[in-house]
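Could you put together the complete structure from these sequences and hints?
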Amino acid sequence: MRDLHLSLNQTQRVRLEAALHELQSLTPAAASAAAVTVADTIPVNQEDNILKGHGTSDQDGEVVATLCGVVERVNKLVYVRTLRARYKPEVGDIIVGRVIEIAPKRWRLEINFSQDAVLMLSSMNLPDGIQRRRTAVDELNMRSIFEENDVICAEVRGFQHDGSLHLQARSEKYGKLERGQLLTVPPYLVKRKKQHFHHLAQYDVDLILGCNGFIWVGEHVVVDEKVKATEDQQKSSDEAENFTPLETRKHICRLANAVRVLSALGFTLTVELIIETAEASASSNVEVNDMLGAEFYVQTAEREAKRRADLLRKKNGAR
Amino acid sequence: MSAQAGTGTYSPAAASGDKRRERREELRRHLAEDADWPRADGRSFHDCRPAFMQTGPTTAASGSAYAEFGKTKVIVSVFGPRESKKAMMYSDVGRLNCNVSYTTFATPVRGQGADNKEYSSMLHKALEGAVMLHTFPKTTVDVFALVLESGGSDLPIIISCASLALADAGIMMYDLVTSVSVSCFGKNIIIDPTSDEEAWQDGSLMVAFMPARKEITQLTLTGEWSDGKITNAVELCMDACSKLGEILRDRLKDTATLTNE
Amino acid sequence: MVGLSEGEKHFIRGGIAQDIRTDGRRRLQFRALSVETGVIPQANGSARVRLGATEIIASVKAELGKPSILHPDKGKVSIFVDCSPTAEPTFEGRGSEELSAELSVALQRCLLGGKSGAGAAIDLSSLIVVEGKVCWDLYIDGLVVSSDGNLLDALATAIKVALSDTGLPKVNVSLSAASDEEPEVDVSDEEFLQFDTSSVPVIITLTKVGRHYIVDATSEEESQMSSAVSVSVNRNGQICGLTKRGGAGLDPSVIFDMISVARHASQQFIALVDSQIAAAEADE
Chain A
1 MRDLHLSLNQ TQRVRLEAAL HELQSLTPAA ASAAAVTVAD TIPVNQEDNI LKGHGTSDQD
61 GEVVATLCGV VERVNKLVYV RTLRARYKPE VGDIIVGRVI EIAPKRWRLE INFSQDAVLM
121 LSSMNLPDGI QRRRTAVDEL NMRSIFEEND VICAEVRGFQ HDGSLHLQAR SEKYGKLERG
181 QLLTVPPYLV KRKKQHFHHL AQYDVDLILG CNGFIWVGEH VVVDEKVKAT EDQQKSSDEA
241 ENFTPLETRK HICRLANAVR VLSALGFTLT VELIIETAEA SASSNVEVND MLGAEFYVQT
301 AEREAKRRAD LLRKKNGAR
Chain B
1 MSAQAGTGTY SPAAASGDKR RERREELRRH LAEDADWPRA DGRSFHDCRP AFMQTGPTTA
61 ASGSAYAEFG KTKVIVSVFG PRESKKAMMY SDVGRLNCNV SYTTFATPVR GQGADNKEYS
121 SMLHKALEGA VMLHTFPKTT VDVFALVLES GGSDLPIIIS CASLALADAG IMMYDLVTSV
181 SVSCFGKNII IDPTSDEEAW QDGSLMVAFM PARKEITQLT LTGEWSDGKI TNAVELCMDA
241 CSKLGEILRD RLKDTATLTN E
Chain C
1 MVGLSEGEKH FIRGGIAQDI RTDGRRRLQF RALSVETGVI PQANGSARVR LGATEIIASV
61 KAELGKPSIL HPDKGKVSIF VDCSPTAEPT FEGRGSEELS AELSVALQRC LLGGKSGAGA
121 AIDLSSLIVV EGKVCWDLYI DGLVVSSDGN LLDALATAIK VALSDTGLPK VNVSLSAASD
181 EEPEVDVSDE EFLQFDTSSV PVIITLTKVG RHYIVDATSE EESQMSSAVS VSVNRNGQIC
241 GLTKRGGAGL DPSVIFDMIS VARHASQQFI ALVDSQIAAA EADE
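Chains as they are written, first to last, in UniProt numbering: chain A, 1 to 319; chain B, 1 to 261; chain C, 1 to 284.
Just to be clear, a hint being listed does not mean it is correct.
As the list claims (entries may be wrong) - Pairs of lysine to any residue, SDA-like flavour, derived with a Cα cap of 20 Å:
no. : chain 1 : residue 1 : chain 2 : residue 2
1   : A       : 52        : B       : 187
2   : A       : 176       : C       : 13
3   : B       : 214       : A       : 41
Claimed, not checked - Under 10 Å between C-beta atoms, here's a sample of chain C residues computed to sit facing chain B:
no. : residue
4   : 39
5   : 40
6   : 42
7   : 82
Derived by calculation from the structure, the hints in this document are not laboratory data.
All figures in this text were calculated on a predicted structure; none of them were measured in a lab.
Note that the Cβ used here is the ideal one computed from N, Cα and C, for glycine as well.
Dropping the structure here:
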């Protein structure tokens, strides 16, 4: 848990510590036993042909850790998994990125990874929807599809031979994201699930949990009308009529603040948890911006501790 | 910007200059001649200051560490690996960029907060040997050290703190780097000097050491030393570095248990 | 500072127009403020202030010096701001020079008052030890550790808190000095005189986005501003300094309106800062 930069009064501090302590006691104890730091020797059985994986190196015949984390063993593979892991892209991941550069026939995106990702022009659907070869005119018109600083949702297509990451955005649900806000959270808080696009009908809000730690919360955009909508927006000059309606905006802000609170507390982000936190704040009449205050932090921690304890009790009871 | 402190200004400390000079001379004589004399803060010649280290003071950075050794306070933030901004030629090893800067209130005499280029390059050399640069090709890791208070033995503490921050950031390393310096006074060697002691030293020796691998990544020496003295001093340093390495390990294990979910 | 897409900019502008910003605040609400004193033990006074994600450390150092010939009955104060590379990668080396200079000048304008010394945050004549010969020089340093918008307000708050934490050592002057000799001064290590910071003003920066103004802009909101006005107000509601930043021109009526809005917002903010200072002192 990183330092929470909030001024808590005495009672709040005590409550928060109690909640965090309870959460810690609920985690399996076995995990801490396998923790290693840099240059620790990893105990291996010398007779098996152990494969030395990520985060290990060979020194004088011994397997030595080069990272701080937890040792994982899978069959013959031994590797070190860092706890606050950097984002590790896998094929098929849904990610959200920001365009930083337009290069010949491709866009370069920043995705919270050590390198920038590449979205080829050929991996992107053309505005008119026809499947055809990209011509030089298309290349010159790249800016009309995506500009610098645009926020885009895409899928990881694969790695190239030089190690760079390639993306594709062929399906209708990928593409430019507008009318909302982008949040950055540590990537290890977003676990890979079946669904990353969530349309919250009760709020009329789209929530996209990018595996790279970029989370998009925005107004719901109906997929088929996306293309038409952008054209209309460009034509109309009077902005005021195009602003997101107030109710939707309130929900967007509430959900965004829920994400901020949960990521500051270091809890894994799932849609259910985010919605639960947002609803808890609405039902206890916490003002939207007070969600970032000390009282709500402590309440969220307590709520989560209680939820996990209940879950554990149910699991133990069911056995 | 205001004028610097000229001949007309003087800090309160210098007001009783004569008395302090006398006391310093006496201390120096004791340190040079006596076999064992309690130092200004009560330590013996071969005791280091109690080390307080902590990870995670800067949430915006990939990794960070704070170190407090007596009156020396340093904070180091590590960013990266991130894309090399400058149009660098393709390289299959990563780049390590180190920057050490002093705050304006770090020294007792107020000075301009400046980037200390010499310390930056020495920090780079000390860490270079330990970081596995080939694991992050084409990208850069930035190490920013900020000295909040300078109380002696600054560079060794910066190096130890930087290696803790790098481990916290998850950068692959062969081993942690810890560093300790000694001052020599006459025939005596004292370890981990404070800024008062450093001001009057006859010579100094700084060692940056990888405790588990038992390799020295950097060694600097000033003043006049005999062979025997150097061997003693280096051994003393390596022993202290190993102990400091244990403290860093404990700190990292603590962080590991905390973030477990 | 990352760029923003058109869609995001549109969203931010909409939020400000509808009085519900991206983190749910209203236009005239500040972010959470947290204050700590005494973080730099070797300075005479220090403070660390967090306003949302913006973090500032301020320190006050006092040294004995000679007063200037033009003002033999006044001490000297100088303010200097430094931006650390931990806040932004572009602040490394000389990258932050322009910003630091701009912030230092704005703070000096707001806190040092007119040439005659009227309206200054600190009464300079209280810094004099021996008229014409010895006075206190105050060096106030601000360090930007983390930057998420509204640096000027956070710096002014940090300076105010640091000054409230400052203690000047008592100086005993030997009376036997001849009129043209340097007098003997004995600086006591024991007794300290605390500063009275009730007259230190705070700075409220109003950022104009579209047709509305907001206080305490984050760096995303600042990127959308057409112009900003920083107003320094003290406890009595008097204006102690004003700086306009940003390119676009402003109608004079808008500026007067901004001044009155700032005055109103400042009263709450001053109350908040004072209560935080009291809480921090009680903790020690």
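Practice problem: Let me know if the C-beta of residue 39 of chain C comes in closer than 10 Å to any C-beta of chain B, holds or violated. | Solution: holds (8 Å)
Quiz prompt | Pair hint outcome, residue 214 of chain B versus residue 41 of chain A [Cα-Cα no greater than 20 Å] | solution = holds (14 Å)
Quiz item: For the hint on residue 40 of chain C, does the least C-beta distance to chain B fall short of 10 Å?
Solution: holds (6 Å)
Practice problem: Grab the minimum C-beta distance from residue 42 of chain C to chain B and call the hint holds if it beats 10 Å, violated otherwise. | Solution: It holds, given that the least Cβ distance between residue 42 of chain C and chain B is near 6 Å, below 10 Å.
Self-check item: chain B contact restraint for residue 82 of chain C - C-beta distance below 10 Å
Solution: holds (5 Å)
Practice problem: Measure nothing beyond the straight line between the CA atoms of residue 176 of chain A and residue 13 of chain C; if it is 20 Å or shorter, mark the hint as holding. | Solution: holds (19 Å)
Quiz item: Holds or violated: are the alpha carbons of residue 52 of chain A and residue 187 of chain B at most 20 Å from each other?
Solution: Violated, because 50 Å separates the two Cα atoms, which is more than 20 Å.
The structure is inconsistent with hint 1 alone, although it conforms to all the rest.
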